[in-house]
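Chemist: Chain order of the listed sequences is A and B.
Residues 1 to 207 in our numbering are what the first sequence lists, from first letter to last.
Residues 1 to 207 in our numbering are what the second sequence lists, from first letter to last.
Incorrect hints may have been included.
Quick list of in silico lysine-lysine cross-link-like pairs, BS3-like style, CA-CA up to 25 angstroms [stated by the list, open to error]: (1) A:K156 <-> B:K2; (2) A:K2 <-> B:K156; (3) B:K14 <-> A:K156.
Keep in mind that the hints were calculated from the coordinates and are not lab data.
Nothing here was measured: the structure is a model prediction, and the numbers come from that model.
There are 2 protein chains.
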Amino acid sequence: MKTITLADIEAMDKHVRVQFANSLPGPKPVSLIGSIDAEHRTNLAPFSTVTHLGSNPALIGLVSRPDLVGRHTLSNILATRSYTINHIHPGILHQAHACSARHPRDVSEFGATGLTPHFEENIAAPFVSEARLRIALELVDTMTIPANGTVLIIGKVVLVQLPGHSLAEDGSIDLFALDSLASTALDTYYKISDPTRLTYAKAKPMD
Amino acid sequence: MKTITLADIEAMDKHVRVQFANSLPGPKPVSLIGSIDAEHRTNLAPFSTVTHLGSNPALIGLVSRPDLVGRHTLSNILATRSYTINHIHPGILHQAHACSARHPRDVSEFGATGLTPHFEENIAAPFVSEARLRIALELVDTMTIPANGTVLIIGKVVLVQLPGHSLAEDGSIDLFALDSLASTALDTYYKISDPTRLTYAKAKPMD
């Protein structure tokens, strides 16, 4: 085993450290976040920081860099309090990855990549029509992380769309059937395979 | 496509809603969190809320339920400010899953499952010797999420151990070679396959 110390990390070239730090969590969820501004300009951006925060209500976290110029997703969410999470499958991977390019605000990533916006009544933000699992959220709260100024966006799930066959009676969703992708670092994607479901773990009775 | 509304989610049986909400983020990272209390009693627990928060310094988030009786990981981290993240591979999956059982504080999940603790100088928390990617963190901050009382634990990476061949010169880590697992819901695990690395996305020049 190779050991990398804090001094080694601090001495890394900036781009190397970014790839390294972004690899450490393990396989990450990756989704397109759909949003819209007050002038009805749509935006799509890939994020790999979607995190389960709670089930009742169903809350999901999303981490954004600080609200600097060009962070369209965060500023749109603050403006309209509405956003969507759209899982990525291999059929839209290249288009999804292309959404990470820096487009000016007037250029929608939908138009630039050929993905199709889908709207639902009473939900401001656009979904990705091609996505197989689409989630609409309503902004609940944002919290700035003092250590580096990044922002945790906390949203409540208000609508979910998915193929009926992928939802089991016990509430679990068959991500393998949906071919939902995982990611690592900034540029690498994985399929998921070999699902293993284990039974609820119980401690052995004490002797 | 099937549409599930907020009213549908609220009407779900509690266990169904837990599986459903825990499936929504997509394939999640899953690791064993190693910790220790002030009396040197070790603890291991699987978490699927490990999130990248920043690269300089390298910061990682971890979401825990509130500090109630029995949340040994959170109370240990608050006591010693030290913890480890240990990726799970198929060879230790059943042992790792068994760590989710409720053991009394006097029973270490190491002893109960047969996993081997590994210690490094100046790091209080135990690593999992069998893990192929091990990360030590120092507690930086905790933030309570007002919406449901869960706690975001923010840690700084202070040591990483991994097989030398899995670390590329550009800083990325080959999670596929390490066979790091992903997870969904509360009980399902996936292998990752078919790595696809895409080039940096640039916007097309405007006409």
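Chemist: Hint by hint, say whether it matches the structure.
Modeler: Status of the hints after comparison with the structure:
1. A:K156 <-> B:K2: 19 angstroms, holds
2. A:K2 <-> B:K156: Roughly 19 angstroms between the alpha carbons, so the hint for K2 of chain A and K156 of chain B holds.
3. B:K14 <-> A:K156: Roughly 17 angstroms between the alpha carbons, so the hint for K14 of chain B and K156 of chain A holds.
Hint compliance for this structure: no hint is broken.
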